[in-house]
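Novice: If you want the building blocks of each chain, they are given just below.
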Amino acid sequence: MTLAPEAPQAPPAPDRVRFQVSLHNFTGPFDLLLGLISRHQLDVTEVALSRVTDDFIAYTAALGDDADLEETTGFLVVAATLLDLKAARLLPQAEVEDEEDLALLEARDVLFARLLQYRAFQQVAALFRELEASARLRYPRAVTLEPRFAELLPPVQLGVDAAGFAELAAAVFRPKPPPTVGLDHLHASTVSVPEQVAILSGRLREQGVATFAELVADCEHGIEVVGRFLAVLEMYRARDVALDQPEAFAELRVRWAPGGDAGSAGLVDEVDEEDA
Amino acid sequence: MTDPLEEVEEALVSDAELLAALEAVLLVVDTPAPTDQLADVLGQPIPRVQEALEGLAAEYTERGRGMELRATGEGWRLYSRDRFAPYVERFVLDGQRTRLTRAALETLAVVAYRQPVTRSRVAAVRGVNVDGVMRTLAARGLIIEAGTDVGGGTLYRTTEMFLERLGLDSLDDLPPIAPLLPDVDDIDE
Amino acid sequence: MTDPLEEVEEALVSDAELLAALEAVLLVVDTPAPTDQLADVLGQPIPRVQEALEGLAAEYTERGRGMELRATGEGWRLYSRDRFAPYVERFVLDGQRTRLTRAALETLAVVAYRQPVTRSRVAAVRGVNVDGVMRTLAARGLIIEAGTDVGGGTLYRTTEMFLERLGLDSLDDLPPIAPLLPDVDDIDE
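Residue numbers (my numbering), protein chains in the order written: chain A, 1 to 276; chain B, 277 to 465; chain C, 466 to 654.
It should be emphasised that the hints constitute simulated quantities derived from the structure, not laboratory data.
Beta carbons: idealized from backbone N, C-alpha and C, even for Gly.
Stretch by stretch, here's where chain C covers chain A in the computed footprint (C-beta under 8 Å, at least three residues):
hint, stretch
1, 26 to 33
2, 68 to 78
3, 104 to 118
4, 139 to 148
Make a model of the complete structure from these sequences and hints.
Specialist: Encoded structure:
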């Protein structure tokens, strides 16, 4: 991988042009971030992110009109996460781990996990390159028969009639079923978290408080229970409910308590993304 | 990074290496290859390669090898030596060569329903290398070259003999496969 | 009238003639030929032919010839010698075989280890849109559609050609990715 010859520790402005050129070496935000981490000789598993944040932001700023909307968005999402993390490190550490701290930790872990994953596939890709280079060194002889021998062959038989040939052609063009264990028999229903949120909001608004067991009593499939649990987490995050669980594995009580600004819907977004 | 080809080309300063390299290339030559093409592939002057080819042909004959290297009007190719033709014939007739293999039939099906079509397109649909099978189909008279596409790839179509073998008068009589396969056109877009 | 084959078979009492006859037959072999088939065609005992094949293979290697005689599970076949691959490649591919880009290789890696997998899932791992790359890989026959997932997304898997290109016999031969990647499957569930 080639990088701009100098690290942008110098003031970023004069380097803008060079950034723009370098950008095309990277095939996405993870690629860029990994590149920066390795340039600073940092281990991806260490808390390296605040040190590369400035570089990353600079690259992202230089994306300009060159990139399409989706590409820019990808970079911006990672840049925003990085800024968040860096800001958290600059501020005095609070004693209490409030929700925002947790969210930051979570964001960092997800980013690390994705980076690790991306790096693993990069290594596999390098291995593929080696395999490819060494694979086809011997080419088998496979040439047409000399006419004098070909003439000896009896007329070729297809062994099928026109209808059979069409059947065979259809089989060739039909997408092959993936080599997996079929899951169709397990469940057919898909569960949407927003839908579950709506159901639970309705009930809790009426009842005021309910145990989780009561809330899932009417679920037919395991996946609905999961969906409903995610919905509870989502409502907690949106500060629509309060949760009460005296100790681990104890009964979970969900109380309708619309309080904070019901804004963030990050969880829902993630779930939707997976469905897309 | 240095070009691996440059490294080995230097190795061809030895005549023995040049002969061996020629032999390696000749082994995969299907339609006779002209001297200049071989010289180009080996990165050597034409006269030197011409001389090497003649030397190799003479060597095969002197040593009584099972192969012959002969030049026709179009170029050079390896052939089985005449003297051993009876064995070769027996081998050729011995195999199950009257019926097409499943792989060949499937490849033929792709050509039939997508013609005119390039080899790489057929390979993409089949998901395997089809070079050998396509050559066999061509050799058996079931498919034939039909010009080139915009990208310069050779196009293939089925022949009259193919229709005969299926008992059809024209390609229009090929049973449609769309009913068997609703989304056929989406598959390799 | 005597059978011409009987006459020549007598000639095969000489080992040199047997080797040459084998060579002549191997020249038309286009899928690996088992020893017993070759013995049958030459009218010679299997052990003698087995020995001759091994002798021929050794001779090619000792003399540094351009071809190799190799036995796979199914039988014997002639190959170009690995050392000359750059020339053979240049001849066979005529510059058609382009190297895969890094983006293509990375995408292929994700498909290989996550198959069957949707395009959006691959994009999530790579952090970029992969539509164009996936199209290229499909057009080259390295990946192919494989039905749809429960959400209706098209699934992709790798092909035989992918294995062929990497020189692997089956997907089981792919190196394990787990050591590189703890808990990879938890990440984007």
